[in-house]
Structures are given as structure tokens and as C-alpha cells.
Amino acid sequence: MNITALSKEELLVEFEAKINAEQKIEPLDWMPDEYRNHLIRQISQHAHSEIIGMQPEGNWITRAPSLRSKKILLAKIQDEAGHGLYLYSAAETLGVTREQYIQWLHEGKAKYSSVFNSPALNWADMGAIGWLVDGAAITNQVSLQKTSYGPYARAMVRICKEESFHQRQGYEIMWKMMEGTKDQQEMAQDALNRWWWPSLMMFGPHDSDSPRTGNAMRWKIKRETNDYLREKFINKTIPQAELIGLKIPDNNLVLLEDGTYKSGDINWDDFWKNVNGNGPCNEQRLAHHIKAHTEGAWVRESAFVSGFQK
Amino acid sequence: MENKDTQGELWEVFIQSKAGQSFKHAGSIHAYDREMAIDNARDTYTRRGEGTGLWVVKSKEIVAVSPSEEGYFFDPSNDKVYRHPTFYEMPEGLKNM
Chain H
-7 MNITALSKEE LLVEFEAKIN AEQKIEPLDW MPDEYRNHLI RQISQHAHSE IIGMQPEGNW
53 ITRAPSLRSK KILLAKIQDE AGHGLYLYSA AETLGVTREQ YIQWLHEGKA KYSSVFNSPA
113 LNWADMGAIG WLVDGAAITN QVSLQKTSYG PYARAMVRIC KEESFHQRQG YEIMWKMMEG
173 TKDQQEMAQD ALNRWWWPSL MMFGPHDSDS PRTGNAMRWK IKRETNDYLR EKFINKTIPQ
233 AELIGLKIPD NNLVLLEDGT YKSGDINWDD FWKNVNGNGP CNEQRLAHHI KAHTEGAWVR
293 ESAFVSGFQK
Chain R
5 MENKDTQGEL WEVFIQSKAG QSFKHAGSIH AYDREMAIDN ARDTYTRRGE GTGLWVVKSK
65 EIVAVSPSEE GYFFDPSNDK VYRHPTFYEM PEGLKNM
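Protein sequences, first through last, are from chains H and R. Residue 127 in the numbering used here sits at position 135 of the first sequence; the count goes up by one each step and never skips. One gets the numbering used here by counting positions in the second sequence from 1 and adding 4 to each.
Since the hints were made in silico from the structure, they are not lab data. Note that CB positions come from ideal geometry on N, CA and C, so glycine has one too. Worth double-checking, as some hints may not be accurate.
[Unchecked claim] DSS-like mimics (lysine-lysine), calculated; alpha carbons at most 30 Å apart, straight line:
#, chain 1, residue 1, chain 2, residue 2
1, H, K62, H, K254
2, H, K0, R, K64
3, H, K138, R, K22
4, H, K265, H, K254
5, R, K84, R, K22
6, R, K64, H, K16
7, H, K153, R, K84
8, H, K228, H, K138
9, R, K84, H, K138
10, H, K153, R, K22
11, H, K16, R, K62
12, H, K138, R, K28
13, R, K84, R, K99
14, H, K16, R, K84
15, R, K22, H, K10
16, H, K101, H, K62
17, H, K283, H, K224
18, H, K153, H, K63
19, H, K265, H, K153
20, H, K168, H, K239
21, R, K22, H, K63
22, H, K63, H, K254
23, H, K0, H, K16
24, H, K228, H, K283
25, H, K239, H, K10
26, R, K99, H, K10
27, H, K153, R, K28
28, R, K99, H, K16
29, H, K168, H, K103
30, H, K10, R, K64
31, H, K138, R, K64
32, H, K16, R, K28
33, H, K265, H, K283
34, R, K28, H, K212
[Claimed, not checked] If you anchor each label on the Cβ, the simulated ranges turn out as follows:
#, chain 1, residue 1, chain 2, residue 2, range
35, R, Y92, H, Y220, 46 to 54 Å
36, R, F77, H, E8, 32 to 40 Å
37, R, S72, H, D219, 35 to 43 Å
38, R, D83, H, D201, 39 to 47 Å
39, R, D47, H, P19, 20 to 28 Å
40, R, D79, H, G50, 17 to 25 Å
Can you make the complete structure from the sequences, with help from the hints?
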């Protein structure tokens, strides 16, 4: 046995060499505290987003317009629960328990995607959420399949396989409405108007205002910048909107010579209001999660006792 | 963490995607007993016919080589190149073997 204790500097060199060689970092490998803490924050935020994201849609299960759409919506929400669980598992490999993650969420110490603090007002919102919110999430997640932390990357691969049905489900709703009556078309357009900007904000602040991008890119936690991914999403989505007769609610949108689009300025005040807990549904979303968790405590307690006896 | 409001124990999930193939690690789940573990594994990891077989095992029961030991742990195989078929010289003209 010849284990030589390496200094922190040597460990860091080894760690960065691995990352530069596109090797994955695994749970038992040495990693800098900053890398671990960044992952704890990012993966748990991602997990919480999947779980909180079930609420705006869950609200519409009993009012879905057909049995077909109800079954599909149920399956989609079940997937989101599953995605939350994949991500909690990945986050737990960093040495923090699931219980702790949930507690941080309840205490407001952990965030979730602020897009879910917007209300889902009518059925067209189910279309807009699937098409735009899931669409934006997929753009981000496809990029994260190559993230340097092994368990996170593997969770992303699994999630991406399942997500494309979500976006199609949403787009189909929008398309069917655009094929329908004038009222239905207006509903679809109204939903796009309300969800377009929040979807663009899902990619986070501009690169120039994104304080954590530096090391996250260097250590390949993030593989592409917020602005790059946002533009990718915009360019993919605009032709989809046009195809079914929807108008992007951006009067400053320009089509550049190279065929790509440049969008107007994003209203970041709304974004920060949402992030800092003052969005339209922040209180409601968190209160609902706490209520479900508290009311379910007896189930966990009895399952614990019964499991212990087996 | 000791707490009566626990999330259950951690279990590792392995899926066999087709009959006859080896089981591959898929991820982990929480459960309070074996029955719940296999049910949760099904609901979490096989919603789209991913598997014909499913194993769950308590994470704490898995024995693993720690990364710092990897070097010397696997060392015994490094000096036995004659275990690989490419080690051997073969006469010219040999067609299939």
C-alpha cells in the first residue's frame, strides 16, 4: 500500500486535469468545496423546480377538456415527479440528505425556477407551459448532459429522453387551439403573450450579469452560457410559433441577415421580483409544498415503523 | 441524519433492459422496506418499458473500491499483457482464429 497524502494544490491539479480530459467527477472523488457547493445549489434548485413545477399543471388535471388530455397531463406530471427524484438522488451523492434539501426549500434557503411563480390561468396555459417552459428546460438540459459531475450528467440523459414528449404535448395543445374558433386562437395567443418572457428568463441573467458563470464554466458544470442557450431556444421556437399562426409578443424582434433572431430587451425587474420571492404565486407554491409535506408526515412515520418491523 | 421524520433508506436500482442482458445501475430511490423499494424503483425508473428485470439493494450494503485505492487495487492486472489475445505472435497466412 502506498497511499501518499496529496496536498490540496496537488488534488486540485489532478481534479482539473480530469475535467479538462472530459472525465466525469464521481461522488467519492476529491473535489474543491466551491465545486461541491455549486452543485449542491444547482442540482437541488433543479430538483425543486421539477417538484414545484407540478403545481401549475396539477391545478388543471380535473379540468382537462378530454379524457385523452387528462391522461396525458397526468403522465407528464408523473414524469416531473420522477425527474425531481432523479435529481434529488444525484444531489444526495454530494453528502446532503434529501430531508435537508427539503428543509432548505421550506426555509427559503434553496430556490426553484421562478417561472413556476406565474399562475396557470386557463387550459391554453397547459399548452404554453409544455411548449415553452419545457422547451426552455430541454434546451438547458441537453447542454447539461455533458456536465462534469457524473450523477448529474446521468440524470440529465435520462430526463432528456423523457422530456421531448412534454414539449410536443404542449405544442399540440397550442396547434389544436389555433385550428379552432377565434376565441380559442385568442386564448392561445394570450397564453403565449404571458409565457414568452418568463420562458426567456428561465435561462437566467445575461452572461455579463451572471456572477457564478466563471468557475462553473471552467469546471464544466455548465457547458454553455445563459445567453447562448437563450438564443438557441429563441431561434428554435419562433418558426414553431409562426407555423401555427402565433405571433411572438416582442415588437423589437429582428430577423438578422444570417437567419437568426435578436429579441428585444428583457424586463429583468420582473425576474428579480420573482426570484426574491415577490412573484404572483411564490407564497402559494411554497405553502402548498409545506402543507403536503407536513400532512404526509404520518405516512412516512408509519411506513418507517412498518419497514422496521419487516 | 437521525430524525423520526425520515425519508426512508437509500436503495440502488439496477435494470435489465432485455432478457439475457446484464443488469445496469440506473440510479437510486428511497424506501422503507423491500416491497416499497421495488415498487418505487418501477415507478421511478421504468415508466416506458425500460426493463424486463429490476433489482434493488440497500446502498449501504454495496462494497466499493474507493478512488484513492484504485491505482494499487487494480495493479495486479497491469503486468499480465499475455492475458490479451493481441499479445501472441501468429504465423503469417493464418486466416481465421
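Structure-based check of all given hints:
1. K62/H - K254/H: Distance of about 37 Å is beyond 30 Å: violated.
2. K0/H - K64/R: Roughly 29 Å separates the two Cα atoms, so the pair holds.
3. K138/H - K22/R: Status holds; Cα separation ~27 Å.
4. K265/H - K254/H: With a Cα-Cα distance of about 25 Å, the restraint between K265/H and K254/H holds, given a limit of 30 Å.
5. K84/R - K22/R: violated, 34 Å
6. K64/R - K16/H: Cα-Cα ~23 Å, so holds.
7. K153/H - K84/R: Between K153/H and K84/R the Cα gap is close to 41 Å, so the pair fails against 30 Å, i.e. violated.
8. K228/H - K138/H: Given pair K228/H, K138/H holds - Cα atoms ~21 Å apart, limit 30 Å.
9. K84/R - K138/H: violated, 35 Å
10. K153/H - K22/R: Roughly 18 Å between the alpha carbons, so the hint for K153/H and K22/R holds.
11. K16/H - K62/R: holds, 24 Å
12. K138/H - K28/R: Distance of about 20 Å is within 30 Å: holds.
13. K84/R - K99/R: It holds: about 26 Å lies between the C-alpha atoms, which stays within 30 Å.
14. K16/H - K84/R: holds, 28 Å
15. K22/R - K10/H: Distance of about 34 Å is beyond 30 Å: violated.
16. K101/H - K62/H: Answer violated: K101/H to K62/H is near 34 Å, above 30 Å.
17. K283/H - K224/H: violated, 38 Å
18. K153/H - K63/H: OK: K153/H and K63/H at ~20 Å, within 30 Å.
19. K265/H - K153/H: violated, 33 Å
20. K168/H - K239/H: Distance ~16 Å between K168/H and K239/H Cα, so the pair holds.
21. K22/R - K63/H: holds, 28 Å
22. K63/H - K254/H: It is violated: about 38 Å lies between the C-alpha atoms, which goes past 30 Å.
23. K0/H - K16/H: holds, 19 Å
24. K228/H - K283/H: Violated, at roughly 39 Å.
25. K239/H - K10/H: violated, 47 Å
26. K99/R - K10/H: violated, 42 Å
27. K153/H - K28/R: holds, 17 Å
28. K99/R - K16/H: violated, 41 Å
29. K168/H - K103/H: Not OK: K168/H and K103/H at ~35 Å, beyond 30 Å, violated.
30. K10/H - K64/R: holds, 28 Å
31. K138/H - K64/R: Distance of about 28 Å is within 30 Å: holds.
32. K16/H - K28/R: With a Cα-Cα distance of about 18 Å, the restraint between K16/H and K28/R holds, given a limit of 30 Å.
33. K265/H - K283/H: Within the cut-off at roughly 24 Å; holds.
34. K28/R - K212/H: holds, 26 Å
35. Y92/R - Y220/H: 46 to 54 Å: holds, 51 Å
36. F77/R - E8/H: 32 to 40 Å: Violated: the Cβ-Cβ distance is about 24 Å, outside 32 to 40 Å.
37. S72/R - D219/H: 35 to 43 Å: holds, 40 Å
38. D83/R - D201/H: 39 to 47 Å: Cβ of D83/R to Cβ of D201/H: about 55 Å, so the range 39 to 47 Å is violated.
39. D47/R - P19/H: 20 to 28 Å: Holds - the Cβ-Cβ distance for D47/R and P19/H, about 24 Å, lies within 20 to 28 Å.
40. D79/R - G50/H: 17 to 25 Å: violated, 54 Å
Comparing the model with each numbered hint stated earlier shows that hints 1, 5, 7, 9, 15, 16, 17, 19, 22, 24, 25, 26, 28, 29, 36, 38 and 40 do not hold.
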